[in-house]
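K.L.:
Taken in sequence, the protein lines are chains A and B.
Using this note's numbering, read the first sequence as starting at 1 and increasing by one per residue.
Using this note's numbering, read the second sequence as starting at 1 and increasing by one per residue.
Mixed in with the good hints, there may be bad ones.
[Stated by the list, open to error] Cut-off 25 Å, straight-line C-alpha distance, at most; resulting in silico cross-link-like pairs (SDA-like, lysine to any residue):
#1 A:K120 <-> B:G64
#2 A:K155 <-> B:K57
#3 A:K119 <-> B:K66
#4 B:K57 <-> A:P63
#5 B:K57 <-> A:A61
#6 A:K119 <-> B:K129
#7 B:K61 <-> A:C156
#8 B:K137 <-> A:T64
#9 A:K136 <-> B:D35
#10 B:K57 <-> A:T74
#11 B:K129 <-> A:P63
#12 A:K120 <-> B:E126
#13 A:K119 <-> B:S138
#14 A:K155 <-> B:S138
#15 B:K57 <-> A:G89
#16 B:K70 <-> A:M121
#17 A:K136 <-> B:P124
#18 B:K61 <-> B:D35
#19 B:K129 <-> A:A85
#20 A:K155 <-> B:P124
#21 A:K120 <-> B:D127
#22 B:K61 <-> A:G70
#23 A:K155 <-> A:G191
These aren't lab readings, by the way, just hints derived from the structure by calculation.
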Amino acid sequence: MEPQEIIARRIARELSSGMLVNLGIGIPTQVANYLPEGLHVFFQSENGLIGTGAPPEEGMAHPTLTDAGGRPVTALPGASTFDSAMSFGLIRGGHLDLTVLGGLQVDQAGHLANWTIPKKMVPGMGGAMDLVSGAKRVIVAMQHTAKGKSKIVKKCTLPITSTRRVDLVVTELAVIAFPEGRATLLETGPGVSVPQVVAATEAELVIPDHVAEIHVSS
Amino acid sequence: MKTISLERSVAMIPDGASLMIGGFMAVGTPERVVDEIVRQNKRDLTVIANDTAMPGKGIGKLVGAKLLRKAVVSHIGLNPETQRQMMAGELQVELVPQGTLIERIRAGGYGLGGILTQTGIGTPVEDGKQVIQVNGKSYLLEVAIRADFALVQAFLADYLGNLSYALTARNFNPVMAMAADTVIVCADNVVPVGVISPDHIATPAPVVDYLIANV
Chain A
1 MEPQEIIARR IARELSSGML VNLGIGIPTQ VANYLPEGLH VFFQSENGLI
51 GTGAPPEEGM AHPTLTDAGG RPVTALPGAS TFDSAMSFGL IRGGHLDLTV
101 LGGLQVDQAG HLANWTIPKK MVPGMGGAMD LVSGAKRVIV AMQHTAKGKS
151 KIVKKCTLPI TSTRRVDLVV TELAVIAFPE GRATLLETGP GVSVPQVVAA
201 TEAELVIPDH VAEIHVSS
Chain B
1 MKTISLERSV AMIPDGASLM IGGFMAVGTP ERVVDEIVRQ NKRDLTVIAN
51 DTAMPGKGIG KLVGAKLLRK AVVSHIGLNP ETQRQMMAGE LQVELVPQGT
101 LIERIRAGGY GLGGILTQTG IGTPVEDGKQ VIQVNGKSYL LEVAIRADFA
151 LVQAFLADYL GNLSYALTAR NFNPVMAMAA DTVIVCADNV VPVGVISPDH
201 IATPAPVVDY LIANV
């Protein structure tokens, strides 16, 4: 199984019926592909849509029905549309149950950096700062390392997205939570040992006596 | 509200004006107005908008024609030309978190001096801003923004200037329609009064100054 699929499948298990969920671009978008049968989740696109569905069939795209990346989507039965003030009222106002975002770095205190690499990548924060500051629960979906270097670090060297701690980081090697602001290993990736996770991680990890293995079934 | 030709609507805009332009990645951007701004070669513009779209679409056309002096936006990641001009010092870019940007515009249109938000606390967004404690929590004071012109794209406009919007083409449009000295509207469909039900009017006619006539 590809790393992205392991991550997306594991995060899909965090969703339950009736939740309002915002998925970022990249791996987070794939989470919607692995929802269990019968689960009804409201997906929000921050450009003004709740009830975002899969991309339309060829020839069925509508120029005014798009996701936050400007790509054509469908609207599921029960969908609603609204302006950007309401969209971010939903995000900041305690109405958004979960946001899943990509990450560049997460540090051992749970701070996320995901919006800029100064002088190299300056795309703008878009909605990321509001999402991390405002959602009830924040999950980071990212690969564990980039170019062989741990993305889970002692302290973020990149500008952080929010002082609010994320709740969970899911990589292909580990599931990490931040109780009391300390990175704690909850699960290892399929076939991955605890020492392998520790070796691949710059951050200091709290290792409980029992660490489960990520359960993903295809 | 007056109806006006596309050419005359853009002729009103002087060089150096500030423009709020509706749209999200060019969805809900008044493309006809953007094209006319390029044709009339309006220069040194300040644009306040969600993003600069992509090259050749929406606000991306203004960037490509080098008509902007400043952009106040939340995202430029899909427009490499905006990033290039910013890095080269040709274009000043103020990056604002999206939820803060829409609220600053809303404040500008609703008679408020600004808003308090936790978004941006402890990040570079905080630099130079006042932090205010309310009930033990820290908030950034983010000040209101207004513009000389709002360029709005509606789905329906009636003969009086009442507006409704389509799906995700709504985004910043109804909020911007409240926050500029002169509001210019382009609509997909211009319809008789009464066609839009009062409950479906998102922008009431009195805030609209000019409706661009169909060709």
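K.L.:
For the pair supplied as a hint, K129 (chain B) and A85 (chain A), confirm whether the alpha-carbon distance does not exceed 25 Å.
P.N.:
With a Cα-Cα distance of about 22 Å, the restraint between K129 (chain B) and A85 (chain A) holds, given a limit of 25 Å.
K.L.:
Can you confirm whether the C-alpha distance between K137 (chain B) and T64 (chain A) stays at or below 25 Å?
P.N.:
violated, 39 Å
K.L.:
Decide if the proposed pair is consistent with the structure: K120 (chain A) and E126 (chain B), CA atoms, cutoff 25 Å inclusive.
P.N.:
Distance ~21 Å between K120 (chain A) and E126 (chain B) Cα, so the pair holds.
K.L.:
When you check the alpha-carbon spacing of K155 (chain A) and K57 (chain B), does it fall within 25 Å?
P.N.:
violated, 40 Å
K.L.:
When you check the alpha-carbon spacing of K70 (chain B) and M121 (chain A), does it fall within 25 Å?
P.N.:
holds, 19 Å
K.L.:
For a C-alpha distance cap of 25 Å, please report whether K57 (chain B) and G89 (chain A) respect it.
P.N.:
violated, 28 Å
K.L.:
For the pair we were handed, K61 (chain B) and D35 (chain B), check the Cα-Cα distance against 25 Å.
P.N.:
holds, 8 Å
K.L.:
Can the restraint linking K119 (chain A) and K129 (chain B) be considered satisfied, given a maximum Cα separation of 25 Å?
P.N.:
holds, 23 Å
K.L.:
Holds or violated: are the alpha carbons of K129 (chain B) and P63 (chain A) at most 25 Å from each other?
P.N.:
It is violated: about 38 Å lies between the C-alpha atoms, which goes past 25 Å.
K.L.:
Under the criterion that the straight-line Cα-Cα distance not exceed 25 Å, is the pair K155 (chain A), G191 (chain A) satisfied?
P.N.:
Answer violated: K155 (chain A) to G191 (chain A) is near 28 Å, above 25 Å.
K.L.:
Check whether the Cα positions of K119 (chain A) and K66 (chain B) lie no farther apart than 25 Å.
P.N.:
With Cα atoms ~22 Å apart, K119 (chain A) and K66 (chain B) stay inside 25 Å; holds.
K.L.:
Under the criterion that the straight-line Cα-Cα distance not exceed 25 Å, is the pair K119 (chain A), S138 (chain B) satisfied?
P.N.:
It is violated: about 29 Å lies between the C-alpha atoms, which goes past 25 Å.
Checked against the numbered hints above, the structure violates hints 2, 7, 8, 9, 11, 13, 15, 23; every other hint is satisfied.
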